[in-house]
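A.B. asks: So the chains spell out like this:
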Amino acid sequence: MNDLLKIDNLTRTYGKKKVLDGLDLTIGTGKIVGLLAPNGEGKTTFFRLVMGLLTKSDGTILIDGQEPSEVTNSYVSYLPDHYILGSFHSIRGAMKHMKKYFSDFDEEKALSLMKRLKFKPNQRLASLSKGQKEQVQLILFLSRKAKLYLLDEPLAAVDPATRDFIVQTILGSFGEENTVIISTHVVLDIELILDEVVMLKNGKVHLQGEADELRSKYGMTINDIFKEEFRFVEGGSENE
Amino acid sequence: MPWAFKENRPIFQQIYDMIVIRILNGTYPMGGKLPSVREMAEEAGVNPNTMQRAMSQLEDTGLAITNRTSGRIVTTDEELLKRIKREYAVAAVEDFLQEMGKLGMSQEDAVSLIQDIGGEKK
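Residue numbers (my numbering), protein chains in the order written: chain A, 1 to 240; chain B, 1 to 122.
Honestly, the hints are just simulated from the structure, not real lab data. Using N, Cα and C, we set each Cβ at its ideal position, and we do this for glycine too. Among the hints, a few may not be true.
If you want the footprint, here are the derived chain A segments under chain B, 3+ residues with CB under 8 Å [said to hold, decoys possible]:
| no. | region |
| --- | --- |
| 1 | 88-95 |
| 2 | 165-173 |
| 3 | 210-218 |
Reference excerpt, derived from the structure (chain A facing chain B, CB under 7 Å, subset only) [unchecked claim]:
| no. | residue |
| --- | --- |
| 4 | Leu192 |
| 5 | Asp195 |
| 6 | Thr221 |
Derived DSSO-like pairs (lysine-lysine); straight-line CA-CA distance at most 27 Å [said to hold, decoys possible]:
| no. | chain 1 | residue 1 | chain 2 | residue 2 |
| --- | --- | --- | --- | --- |
| 7 | A | Lys115 | A | Lys96 |
| 8 | A | Lys145 | A | Lys18 |
| 9 | A | Lys227 | B | Lys6 |
| 10 | A | Lys217 | B | Lys6 |
| 11 | A | Lys31 | B | Lys6 |
| 12 | A | Lys56 | A | Lys96 |
| 13 | A | Lys227 | A | Lys18 |
| 14 | A | Lys6 | A | Lys145 |
In isolation and in its complexed conformation, chain B is listed as follows (with noise of 0.2 Å):
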């Protein structure tokens, strides 16, 4: 997944948002350790201080913990990732069901639209 920035929201958040979505999915797994800051801004392409402060976010919100001796690890709280998986999610969904208003469905619509194609793809 390449790092995208819509860039006009401040760039920490969306590094924020795309490394919680790599917690997330499992792509850093609970446990593993991150790479480190320079790494992460240099295949970003941003800054390191732009990093740094994403990751000081990640720790306020416990999804990553600064171990003296392995550096930076993902978070082994499950009950945490679910709660902040579900955040995401009702994010999502939220904006999924503005663009459904903007085309005239209502949420019934949009839920079996959601049930036609989730059966179509089975």
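For reference, chain A alone in the conformation it holds in the complex (with noise of 0.2 Å):
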């Protein structure tokens, strides 16, 4: 079976600072994958990379079998940590942008979720909070029909009734033929919906397994593991 993703000795290098040092990484098909790492620790550098944003040091980064390029980026979807939408001026602004950009991206879909967690298409996306905001993000780009979704901090700014909405939100966007990363150093949020732990510590895949192997093998839930590995690191300085 192909890979979906396949990361050999992927190193980044920003001035002396190695972020992402010889980092090894396989993920399959049908997966929802949660990389886990304090800040810092270099995720949002991977996604990067993983979308050509950014040019790697050294290392291989194979998609599907092809390296990062527009093609590739055809059936990526990914939902950056910042909010992108600024030059738009209204909901079905964006909306537009997204259909011309991404023949994967499903209308129907974005508008239904929309009513749900009840935006208007007219609505100014200057009038929304920062949370919203985030939200009216998410929801495009979960409307894509991709192959592998990159969901970068995806709840950070999102109150708890809606990061339950969101949190089914991915379960529904999620099936057999696709996989979703999603990067968050707030593990107890998507605790339950994660296959496969990948924790990130000083550039490397420190640890990865299927989770309920890691609660069987630990004795401990994800979020306690998370903690007790990165016990050191957490609130702790950058410049180690």
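Could you use the hints to bring the two separately framed chains together as a complex?
C.D. replies: What follows is the structure, given as structure tokens:
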């Protein structure tokens, strides 16, 4: 079977600092994967490399057998951790853009999700709160029928009720033929929906495994394993 | 009954136990159709693969049977249900006696306590 994502020896340096340092990772199809690490451990760098938005210093990235390119970007849906819809006037305008650039954009799905969160297409984006803007953005990127979803901290700015809605939406967008990678440093939010867990530390994969197997092995929740593994890093200094 | 997870045990095992209890108490009646994996996963807020694993385990123990035409149904094997009900009841009683032991109560004390409380409830 073809691996959806195959990463070998991926390295990216910023000046002298190696944010990713020989990272190896293979991820198959039909999984929800948690990419877990404290802030500053290279989660966003990793996603940006997979999207070809950054150049790697070394190593290989293969998405469905191909290097990052416009072709792979046509079936990878990347939700950045910051707001990128600033240049659009309304929700409708942002949707038009999605439709134009992504042939896999499912407008009906986007509209029905917007409706469930009580957004209207003619609503001005500037009138929305920070959290609402992020929800709109998330809906837009989950409404693509992608092979691979890369969601960078999708739950950072949402309240608990919306969190449940988003988790449901992620579950609903996911199927046997695609994979969702969710990065977060708040493990509890997504603990129950993960098939697989990847923890990054010092630019490498520190720990990878099936969520239920890790629970058996450690006799702990993923959240507790995470806290244990990063005990000295959490809230710690950036310059280690 | 909501789906509540303790999370430090594999989620698929916790789901399995919860479905077994629903079968034993008749929420999912004998011979009745079980909801689809996707429906149950969404209801429980878990990954469909995890739910699938719990369902496979239900099939392994014979509590659920997959039928090509009518989907997944609950067994009609009363002997099996009786046996599994006993297993779960034994486990619950053992937990209970262990708790009583921690309080310094003997098994006899515990039994008479159950009778007292049971009598009051009637």
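A.B. asks: All hints are to be evaluated individually against the structure, with a verdict given for each.
C.D. replies: Hint by hint, here is what the structure shows:
Counting residues of the region 88-95 of chain A whose C-beta lies closer than 8 Å to any C-beta of chain B gives 0; at least three are required, and the coverage claim is violated. Chain B is given as covering the region 165-173 of chain A, and this holds because 4 residues of the stretch bring a CB closer than 8 Å to a CB of that chain, at least three being needed. With a cut-off of 8 Å between beta carbons, the region 210-218 of chain A has 5 residues touching chain B; three or more are needed, and the interface restraint holds. Interface restraint check: A/Leu192 against chain B, minimum CB-CB distance 5 Å, threshold 7 Å, status holds.
At about 5 Å, the closest approach between the beta carbon of A/Asp195 and any beta carbon in chain B falls short of 7 Å, and the interface hint on this residue holds. With 7 Å as the threshold, the beta carbon of A/Thr221 comes within range of chain B, its nearest partner Cβ sitting at about 4 Å, so the hint holds. Our distance criterion of 27 Å between C-alpha atoms is met by A/Lys115 and A/Lys96, whose separation comes to about 17 Å. Distance restraint check for A/Lys145 and A/Lys18: the Cα-Cα separation of roughly 34 Å exceeds the 27 Å cut-off, and the hinted pair is therefore not satisfied.
Pair hint A/Lys227 plus B/Lys6 holds up; C-alpha atoms about 17 Å apart against a cutoff of 27 Å. For the proposed pair A/Lys217 and B/Lys6, the alpha carbon gap of about 16 Å is at most 27 Å, so the pair holds. For the suggested pair A/Lys31 and B/Lys6, the alpha carbons sit about 22 Å apart, so the restraint of at most 27 Å is met. Taking the CA atoms of A/Lys56 and A/Lys96, the gap is about 32 Å. The hint is violated against a cut of 27 Å.
For the suggested pair A/Lys227 and A/Lys18, the alpha carbons sit about 23 Å apart, so the restraint of at most 27 Å is met. About 21 Å separates the Cα atoms of A/Lys6 and A/Lys145, which keeps this hinted pair within 27 Å; it holds.
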